[in-house]
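S.K.: So the chains spell out like this:
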Amino acid sequence: MASELSCRELVELVTEYVEGTLPDDELERFEQHLVYCGPCAAHVEQMRETIRVTGALREADLDAAVADDLLEAFRGWREGRP
Amino acid sequence: MPEIEAPLPEESVAPRDDAALVAALRAGDEVAFTELVRRYGGLMLRVARLYVPTRAVAEEVVQETWLGVLRGIGRFEGRSSLKTWLFRILTNTAQTRAAREGRSLPFSALAQGELEADEVSVDPDRFIPQGERWAGYWASSPRRFDDLPESRLMSAETFAAAKQAIDELPDVQRAVITMRDLAGFDSEDVCDALGLSAGNQRVLLHRARSKVRRALERHLEAGAA
Chain A
1 MASELSCREL VELVTEYVEG TLPDDELERF EQHLVYCGPC AAHVEQMRET IRVTGALREA
61 DLDAAVADDL LEAFRGWREG RP
Chain B
83 MPEIEAPLPE ESVAPRDDAA LVAALRAGDE VAFTELVRRY GGLMLRVARL YVPTRAVAEE
143 VVQETWLGVL RGIGRFEGRS SLKTWLFRIL TNTAQTRAAR EGRSLPFSAL AQGELEADEV
203 SVDPDRFIPQ GERWAGYWAS SPRRFDDLPE SRLMSAETFA AAKQAIDELP DVQRAVITMR
263 DLAGFDSEDV CDALGLSAGN QRVLLHRARS KVRRALERHL EAGAA
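Listed in order, the protein sequences are those of chains A and B.
Numbering of the first sequence is given in the numbering used here, commencing with residue 1 and proceeding in unit increments.
Numbering of the second sequence is given in the numbering used here, commencing with residue 83 and proceeding in unit increments.
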């Protein structure tokens, strides 16, 4: 049987874990570790929340002048079509 | 395998689906065009900014991209999503423009430097040192973020901390996390856009997420004290 993962090793594999790219044997070691290690489960949860926070970031709109130029370009394109 | 949480839905009143938007654009519908610009304009600017040196040039890239979109809309077949198609045009346009601006060092070359650096995801002090019993295990447990109220996790201050951490990342890590987690593209699209192998993309994404996680932990702990 393969040796157990330490916490320090596990934290390097979290992205592969959430991406679903861990090979089967490593996935098994990873999940076995999570069963008994609350701190690592908390760490993985932090990584998932980090992804969620990043995904919720919103961009400022384009400057009004840029948006106006785009609308002008759109009208030009519409008029210019055959 | 648990799935990654999806980003929040786009903020838009009664969003139209791709097919309806494309049909409306082809028909010359100004409202549809404005809606698309509002939905993606800011994100396009941020992605363009990854390639070119100034905001002004990035705005030109965004404009050029929309012209390309309009010219090509007749040929859009819906094999990819409208968003993916749009961003493909954007990254191609930005790449061409970056080369013209003399910023032609490709991400794949920059990535080598970032990959060669030795990095750990978590501060080694957080673990029990070598030579002691339980070496490599947590010295003190991290605190779950979901113990915090959602209003704190999803607050303007937390977002600001995340944005700052992203801004401070090395170029390729910033590009990868921006495209994957902020813009929501899958790894294949990001590998194509940046010229990275799947493995290297994943390593850089891991480093980027780890740094943002550290920044969020610091920010959230400071508030809890």
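In case anyone wonders, no lab produced these hints; they're calculated from the structure.
Note that this is a predicted model, so its numbers are computed, not measured.
Hints may be right or wrong, so weigh each one.
Not everything, but these chain A residues come out facing chain B in the computed CB check (under 7 Å) [said to hold, decoys possible]: (1) 3; (2) 7; (3) 12; (4) 28; (5) 29; (6) 32; (7) 33; (8) 34; (9) 35; (10) 47; (11) 59; (12) 62; (13) 67; (14) 74; (15) 77; (16) 78.
A few chain A residues facing chain B, derived, Cβ under 8 Å [to be verified]: (17) 9; (18) 45; (19) 50; (20) 54; (21) 55; (22) 61; (23) 64; (24) 72.
Here are some chain B residues the structure puts well away from chain A; computed CB gaps all over 12 Å [what the hints assert, rightly or not]: (25) 116; (26) 142; (27) 157; (28) 162; (29) 179; (30) 190; (31) 195; (32) 244.
Positions of the beta carbon are idealized from the N, C-alpha and C atoms, including for glycine.
S.K.: Compare the structure with each hint and give your call.
M.R.: These are the hints, each one checked on the structure:
1. Contact between residue 3 of chain A and chain B, as hinted, is not supported at the beta carbon level, the nearest pair being about 11 Å apart and thus beyond 7 Å.
2. Hint status for residue 7 of chain A: holds, given a least beta-carbon distance of 5 Å to chain B, under 7 Å.
3. Against a cut-off of 7 Å between C-beta atoms, the interface hint on residue 12 of chain A holds, since the closest Cβ of chain B lies about 6 Å away.
4. The interface hint given for residue 28 of chain A is broken, as the beta carbon of that residue sits about 13 Å from the closest beta carbon of chain B, more than 7 Å.
5. A least Cβ separation of about 14 Å between residue 29 of chain A and chain B goes past the 7 Å threshold, and the interface hint is therefore violated.
6. Nearest Cβ of chain B to the Cβ of residue 32 of chain A: about 15 Å, over the 7 Å cut. The hint is violated.
7. Against a cut-off of 7 Å between C-beta atoms, the interface hint on residue 33 of chain A is violated, since the closest Cβ of chain B lies about 10 Å away.
8. This hint is violated: residue 34 of chain A has a C-beta 11 Å from the nearest C-beta of chain B, more than the 7 Å allowed.
9. A distance limit of 7 Å between C-beta atoms decides the matter here; for residue 35 of chain A the minimum to chain B is near 14 Å, and the interface restraint is violated.
10. For residue 47 of chain A, the suggested interface contact is upheld, since its CB lies about 6 Å from the closest CB of chain B, less than 7 Å.
11. Here the hint on residue 59 of chain A is kept, as its CB sits about 3 Å from the closest CB of chain B, short of 7 Å.
12. For residue 62 of chain A, the interface hint holds, the least distance from its beta-carbon to any beta-carbon of chain B being 4 Å, beneath 7 Å.
13. Using the Cβ-Cβ criterion of 7 Å, the hint placing residue 67 of chain A at the interface with chain B is satisfied: the shortest such distance is roughly 6 Å.
14. The beta carbon of residue 74 of chain A is positioned within 7 Å of a beta carbon in chain B (closest approach about 5 Å), and the interface hint is therefore held.
15. With a least beta-carbon distance of about 5 Å to chain B, the hint placing residue 77 of chain A at the interface is held under the 7 Å criterion.
16. Taking 7 Å as the C-beta cut-off, the interface hint given for residue 78 of chain A holds, the closest approach to chain B being about 4 Å.
17. Taken as an interface hint, residue 9 of chain A checks out: its beta carbon lies about 7 Å from the nearest beta carbon of chain B, inside 8 Å.
18. At its closest, the beta carbon of residue 45 of chain A sits 5 Å from a beta carbon of chain B; the interface hint therefore holds under the 8 Å criterion.
19. Interface restraint check: residue 50 of chain A against chain B, minimum CB-CB distance 4 Å, threshold 8 Å, status holds.
20. The beta carbon of residue 54 of chain A is positioned within 8 Å of a beta carbon in chain B (closest approach about 4 Å), and the interface hint is therefore held.
21. The closest approach between the C-beta of residue 55 of chain A and any C-beta of chain B is roughly 3 Å, which is under the 8 Å cut-off, so the hint is satisfied.
22. At its closest, the beta carbon of residue 61 of chain A sits 6 Å from a beta carbon of chain B; the interface hint therefore holds under the 8 Å criterion.
23. Hint status for residue 64 of chain A relative to chain B: violated, with the closest Cβ pair at about 11 Å, above 8 Å.
24. Checking residue 72 of chain A against chain B by beta carbon gives a least distance of about 10 Å; that is not within 8 Å, so the hint is violated.
25. Residue placement check: residue 116 of chain B does not keep its beta carbon more than 12 Å from all beta carbons of chain A (closest about 7 Å).
26. In this structure residue 142 of chain B is not separated from chain A by more than 12 Å, as the shortest Cβ-Cβ distance comes to only about 9 Å.
27. With 12 Å as the threshold on Cβ separation, the claim that residue 157 of chain B sits away from chain A holds: the shortest Cβ distance comes to roughly 14 Å.
28. No Cβ of chain A comes within 12 Å of the Cβ of residue 162 of chain B; the nearest lies about 20 Å off, and the non-interface call holds.
29. No beta-carbon of chain A comes within 12 Å of the beta-carbon of residue 179 of chain B; the shortest separation is about 16 Å.
30. The Cβ of residue 190 of chain B sits about 20 Å from the closest Cβ of chain A, beyond the 12 Å cut-off, so the non-interface label holds.
31. With a least beta-carbon separation of about 20 Å from chain A, residue 195 of chain B lies farther than 12 Å from that chain, consistent with its non-interface assignment.
32. Not every C-beta of chain A lies more than 12 Å from that of residue 244 of chain B, the closest at about 5 Å, which undercuts listing it as non-interface.
In this structure, the hints that do not hold are numbers 1, 4, 5, 6, 7, 8, 9, 23, 24, 25, 26, 32, in rising order.
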